[in-house]
Amino acid sequence: MAEFIEKKRRKLCRFCENKIQYLDFKDERLLRRFMTERGKIVPRRISGNCANHQRKLTVAIKRGRHMAIMPFSSESYR
Amino acid sequence: MKLYETCFIVNPQSDEATIERHVKSVMDLITGRGGKIVYEDRLGTRRMTYAIQGMTQGYYASLIFEGPTTLNTELERHYHLEDAYIRYLTILYEGDPEQIRTAREALQTSLDRADQAAAEARREMREGGFRGGRGRRNEEDDFRPSRGRRRD
Chain A
1 MAEFIEKKRR KLCRFCENKI QYLDFKDERL LRRFMTERGK IVPRRISGNC
51 ANHQRKLTVA IKRGRHMAIM PFSSESYR
Chain B
1001 MKLYETCFIV NPQSDEATIE RHVKSVMDLI TGRGGKIVYE DRLGTRRMTY
1051 AIQGMTQGYY ASLIFEGPTT LNTELERHYH LEDAYIRYLT ILYEGDPEQI
1101 RTAREALQTS LDRADQAAAE ARREMREGGF RGGRGRRNEE DDFRPSRGRR
1151 RD
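Same order as they appear, the protein sequences are chains A and B.
Heads up: the first sequence runs through residues 1 to 78, numbered per our numbering.
Heads up: the second sequence runs through residues 1001 to 1152, numbered per our numbering.
One or more of the hints may lead you astray.
[What the hints assert, rightly or not] Counterexamples of contact, computed for chain A against chain B with all Cβ distances above 10 Å:
#	residue
1	Ser47
2	Cys50
3	Ala51
4	Asn52
5	Thr58
[Said to hold, decoys possible] In silico lysine-lysine, DSBU-like type, Cα no more than 30 Å apart, as pairs:
#	chain 1	residue 1	chain 2	residue 2
6	B	Lys1024	A	Lys26
7	B	Lys1036	B	Lys1024
8	A	Lys26	B	Lys1036
To be clear, the hints were calculated from the coordinates, so they are not data collected in a lab.
If you're wondering where the values come from, they're calculated on a predicted model, not measured in any experiment.
Where is the CB? At the ideal position from N, CA and C, for every residue including glycine.
Full structure from sequences and hints, please.
Printed below as a string of structure tokens:
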């Protein structure tokens, strides 16, 4: 058990660090970084985003999906 | 008045003049109803991630504008009546209006850091380190917690 606690370290929200307040749904390059190859949104516990930014991120990704900028799912996956 | 952003995709199969006319008509509608265009962003023809009405490409344009609340319904009606608009989206713009022009550049500079962070996150995910001790997952996308050993 001790080793698990040792392994655990505090992740910092990337957007808080960079002081980004607004996430543009058209910014495919940025949003793709928080998506798996299959097209799923990377959860907060893995990306390390704070609740506020994760919420903004998911909204941006979903808006991007509606505008066909982001994929709903990737077909390349088998 | 509040800031809004309207983004739409125009059928790219029509010629340039027609596309221009469709973009212009949206701009005229906004300015004609007491709105003011703050920023115009033409993303141009780009590939869509999935086909819409059999089309794989679309001409993207985005307008950030200030306007009365009634403008949204007018825009929707306008998009709806014309077949050339494949997709449209009007949202409340929550970014800093003074930084619209610089926001993009600021994003680009922070991209490298975000890239690094995401690569780290992916590696961590692959290694399955976040749950500790339960072994590696084969499928990268499987976020569900392990159900443990079956007891039957």
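> Holds or violated: lysine 1036 of chain B with lysine 1024 of chain B, Cα cutoff 30 Å?
Replying inline: 14 Å, holds
> For asparagine 52 of chain A, is the shortest beta carbon distance to chain B beyond 10 Å?
Replying inline: For asparagine 52 of chain A, whose nearest Cβ neighbour in chain B is about 12 Å away, the distance exceeds 10 Å, so it holds.
> Taking the minimum C-beta separation from serine 47 of chain A to chain B, is that value above 10 Å?
Replying inline: Violated, because the least Cβ-Cβ distance between serine 47 of chain A and chain B comes to about 5 Å, which does not exceed 10 Å.
> Was threonine 58 of chain A rightly flagged as not at the interface, with every chain B Cβ beyond 10 Å?
Replying inline: At roughly 14 Å from the nearest Cβ of chain B, threonine 58 of chain A sits farther out than 10 Å, so the non-interface label holds.
>> Using Cβ atoms and 10 Å as the threshold, tell me whether alanine 51 of chain A really stays out of contact range of chain B.
In response: 17 Å, holds
>> Holds or violated: lysine 26 of chain A and lysine 1036 of chain B, Cα atoms, limit 30 Å.
In response: 22 Å, holds
>> Please verify that the nearest CB of chain B lies beyond 10 Å from cysteine 50 of chain A's CB.
In response: 13 Å, holds
> Between lysine 1024 of chain B and lysine 26 of chain A, is the straight-line Cα distance small enough, at 30 Å or below?
Replying inline: Holds, at about 21 Å.
Of the numbered hints listed earlier, the single one contradicted by the structure is hint 1.
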